[in-house]
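*Asks:* Generate coordinates for the entire structure from the input sequences, incorporating the hints supplied.
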Amino acid sequence: MLKKLLKYDLEWCYKPLVVFYILALFFSLTVRIVESFEQSLIVLIIDKICCGIVIAMIVNILINCFMRNWVRFVKNIYKDESYLTHTLPVSRNKIYLSKILTAIITLLTSFVVIIVCLAIATLNKDTWSFLKASLEQSAIYFDSSVFSLISVMIVTIFFEFLFMVMSGILGIIIGHRSNNLKIVKSIVIGFAIYMILSSMSLIALFIAGLLNSNIMSVFNNIEVSSNALKSMMLIGILVYAVYNLAIYFIGNKLLNKGVDVD
Amino acid sequence: MELVKCNKLCKEFDNKKILKDVNLIIPKGRIIGLLGKNGMGKTTLLKLINDLLTPTSGEVLINGKKPNIDSKKAISYLPERTYLDKSMKVSQIITFFDEFYDNFNKEKAIRLLKDLDLDINSKVSKMSKGMQEKLQLILVMSREAELYILDEPLGGVDPATRDYILDTILSNFSEGASVIISTHIISDIERILDDVIFIDKGEIVLSSPADELRKKENASIDEIFRRCFKC
Numbered sequence: 016m017l018k019k020l021l022k023y024d025l026e027w028c029y030k031p032l033v034v035f036y037i038l039a040l041f042f043s044l045t046v047r048i049v050e051s052f053e054q055s056l057i058v059l060i061i062d063k064i065c066c067g068i069v070i071a072m073i074v075n076i077l078i079n080c081f082m083r084n085w086v087r088f089v090k091n092i093y094k095d096e097s098y099l100t101h102t103l104p105v106s107r108n109k110i111y112l113s114k115i116l117t118a119i120i121t122l123l124t125s126f127v128v129i130i131v132c133l134a135i136a137t138l139n140k141d142t143w144s145f146l147k148a149s150l151e152q153s154a155i156y157f158d159s160s161v162f163s164l165i166s167v168m169i170v171t172i173f174f175e176f177l178f179m180v181m182s183g184i185l186g187i188i189i190g191h192r193s194n195n196l197k198i199v200k201s202i203v204i205g206f207a208i209y210m211i212l213s214s215m216s217l218i219a220l221f222i223a224g225l226l227n228s229n230i231m232s233v234f235n236n237i238e239v240s241s242n243a244l245k246s247m248m249l250i251g252i253l254v255y256a257v258y259n260l261a262i263y264f265i266g267n268k269l270l271n272k273g274v275d276v277d
Numbered sequence: 438m439e440l441v442k443c444n445k446l447c448k449e450f451d452n453k454k455i456l457k458d459v460n461l462i463i464p465k466g467r468i469i470g471l472l473g474k475n476g477m478g479k480t481t482l483l484k485l486i487n488d489l490l491t492p493t494s495g496e497v498l499i500n501g502k503k504p505n506i507d508s509k510k511a512i513s514y515l516p517e518r519t520y521l522d523k524s525m526k527v528s529q530i531i532t533f534f535d536e537f538y539d540n541f542n543k544e545k546a547i548r549l550l551k552d553l554d555l556d557i558n559s560k561v562s563k564m565s566k567g568m569q570e571k572l573q574l575i576l577v578m579s580r581e582a583e584l585y586i587l588d589e590p591l592g593g594v595d596p597a598t599r600d601y602i603l604d605t606i607l608s609n610f611s612e613g614a615s616v617i618i619s620t621h622i623i624s625d626i627e628r629i630l631d632d633v634i635f636i637d638k639g640e641i642v643l644s645s646p647a648d649e650l651r652k653k654e655n656a657s658i659d660e661i662f663r664r665c666f667k668c
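As given, the protein sequences belong to chains A and B, one line each in that order.
Numbering follows my numbering, with no gaps: position 189 of the first sequence is 204.
Numbering follows my numbering, with no gaps: position 77 of the second sequence is 514.
In short, the hints are calculated from the structure, not lab data.
Incorrect hints may have been included.
Dumping the calculated DSS-like pairs for lysine-lysine here, alpha-carbon to alpha-carbon at most 25 Å [what the hints assert, rightly or not]:
no.: 1; chain 1: B; residue 1: Lys526; chain 2: A; residue 2: Lys22
no.: 2; chain 1: A; residue 1: Lys22; chain 2: B; residue 2: Lys457
no.: 3; chain 1: A; residue 1: Lys19; chain 2: A; residue 2: Lys268
no.: 4; chain 1: A; residue 1: Lys30; chain 2: B; residue 2: Lys510
no.: 5; chain 1: B; residue 1: Lys454; chain 2: A; residue 2: Lys272
no.: 6; chain 1: B; residue 1: Lys545; chain 2: B; residue 2: Lys560
no.: 7; chain 1: A; residue 1: Lys94; chain 2: B; residue 2: Lys545
no.: 8; chain 1: A; residue 1: Lys272; chain 2: B; residue 2: Lys457
no.: 9; chain 1: B; residue 1: Lys545; chain 2: A; residue 2: Lys19
no.: 10; chain 1: B; residue 1: Lys523; chain 2: A; residue 2: Lys94
no.: 11; chain 1: A; residue 1: Lys22; chain 2: B; residue 2: Lys523
no.: 12; chain 1: A; residue 1: Lys197; chain 2: B; residue 2: Lys502
no.: 13; chain 1: A; residue 1: Lys30; chain 2: B; residue 2: Lys563
no.: 14; chain 1: B; residue 1: Lys563; chain 2: A; residue 2: Lys94
no.: 15; chain 1: B; residue 1: Lys545; chain 2: A; residue 2: Lys245
no.: 16; chain 1: A; residue 1: Lys268; chain 2: A; residue 2: Lys18
no.: 17; chain 1: B; residue 1: Lys510; chain 2: A; residue 2: Lys268
no.: 18; chain 1: B; residue 1: Lys502; chain 2: A; residue 2: Lys272
no.: 19; chain 1: B; residue 1: Lys563; chain 2: A; residue 2: Lys18
From a predicted model like this one, the values you see are computed outputs, not experimental measurements.
*Replies:* This is the structure:
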């Protein structure tokens, strides 16, 4: 049943996302092609317009990815479509898990498309050698390989974005437990969860700093050691992983207590 | 054993009691009319039976158990509103029901679609509200369920189609199954009811076999209802 739920959830979320993926890739390619032309004023104007569109598309992909997941959740769990969702012979655990997996998958593919678009639009011989040199330098600074450096950065950013989506979902669940102003409460609570937990991660970093002077340098100095930055990223991944798991289990428990559909 | 049992069922919204200590038993193999004026708690009661609302106190038991996956297999529910994904086609919705419900009869659904002149290839968003309601009724009645719960099935339907819909309900529910029909349009459904339940201000004020009630009051259910709920 989870597979079936996932199929319909993904289909719904990807419908507009795929259009933005295609547009973003198309304009990235256009930028690439236009930049290969001989320089002239008109080429420069077209290049700038296309660059602007690529950036707009990338922002669009991210916003749409967030919004589609939240809107799907509200529609399926609390609005008209919930009359079908909650009468399907499927447990609430599976319904909830399907929504979370959909958020993870759509976010992952959006990340991949964004990276590919940026690579197509900006990577050429010069930028590649510049990027390579910078990454190698950073890798030496961080005392790690280029691959693990990029991986840690991507995982940290991905977890942070997933944390935003999850905070929104928990906000929706808590907001819809009341009888009035459900949407407003959902937005306020979701934002509050995000802000409070983000502040808590700073506190966690500070506490870790009390035990490790390297980490404390993040709070004391502008220039920090590679060890401190490395520890900060690893703590970030750990904290966000814990937050995402905690939000998942709290949301699941609240949903299993029952819903009051509109 | 009873199909549905409500024990001291209460539902409050903002400290306002919508249902008050409802005790109710729905036996197997009966057609029951849940009758009451608008806003008296009919839909709330049906939503509680379908696990769409959480009781403030009391409990609902389906086949002796709290609502669970098995109870959802056993109940086929037609809500008062359209719950279909508007971006889907009728054929996709049929596939959706076929995939999720083991007791869904796809052939029957396609046959009923043809009977009611509904195009299997049309998009839900392009259909009128009345057509969407008909489609939902077809989906609900194409399941071989133990209990059919129909909330205002005649609400948005023209009088000419009402008889056809009632006949569709009568000729398509599984043998031995029960049907609960919630409505305030009584004259049209009176002929098919085995039992009636009157609900007023969140309380069950009357529960009786339809024939007994008619004999006792020497009047039709419609007349009794009008007398009972006179403003």
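*Asks:* Just pull the numbers of the violated hints for me, sorted ascending.
*Replies:* 2, 4, 7, 12, 15 and 19
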